[in-house]
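Visitor: Sequence:
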Amino acid sequence: MLDRINTDIKEAMKAKDKDKLQALRYIKSMLTENATSKKPIDEMEVVIKHHKKLKDAIDMYPDGHAMKEQAEVEVKIVEEYLPKQMTDEEVSNLID
Numbered sequence: 358m359l360d361r362i363n364t365d366i367k368e369a370m371k372a373k374d375k376d377k378l379q380a381l382r383y384i385k386s387m388l389t390e391n392a393t394s395k396k397p398i399d400e401m402e403v404v405i406k407h408h409k410k411l412k413d414a415i416d417m418y419p420d421g422h423a424m425k426e427q428a429e430v431e432v433k434i435v436e437e438y439l440p441k442q443m444t445d446e447e448v449s450n451l452i453d
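What the sequence shown shows, in my numbering, is residues 358 to 453, in sequence order.
Worth double-checking, as some hints may not be accurate.
[Claimed, not checked] Here are the computed lysine to any residue pairs in the SDA-like style, where the Cα-Cα straight-line distance is at most 20 Å:
#, residue 1, residue 2
1, 406, 394
2, 377, 438
3, 377, 433
4, 410, 399
[Unchecked claim] Label pairs and their in silico Cβ distance ranges:
#, residue 1, residue 2, range
5, 422, 399, 16 to 26 Å
6, 443, 359, 24 to 34 Å
7, 453, 358, 33 to 43 Å
8, 395, 425, 29 to 39 Å
9, 373, 449, 41 to 51 Å
10, 416, 440, 15 to 25 Å
Quick caveat, the hints were computed from the structure, so don't treat them as lab data. Note that beta-carbon positions come from the ideal geometry of N, C-alpha and C, so glycine has one too.
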């Protein structure tokens with residue numbers, strides 16, 4: 358995952374996409390910090406936790422707040438690195 362993030366950081370730099378670059382650098386720093394910790398967890402878990410924090414931030418801020426808008430942008434970027442979620446229809450088909 359770290360290789361993909363490094364590649365995407367380079368692409369964001371070339372495209373001058375500041376929002377994506379900022380989000381990717383933050384994810385990279387979290388992954389690097391996790392790798393050097395005493396009890397590292399799976400890289401995907403790190404990204405999932407960050408996604409959850411961003412979702413909580415969106416709920417916390419009022420509409421139109423700059424932090425809410427930034428969190429919404431970051432959520433979309435982080436979701437690119439998460440596994441595809443099943444739709445409600447797919448879940449109900451599995452249950453049946």
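Visitor: If you test the structure against every hint from before, which numbers come out violated?
Guide: 5
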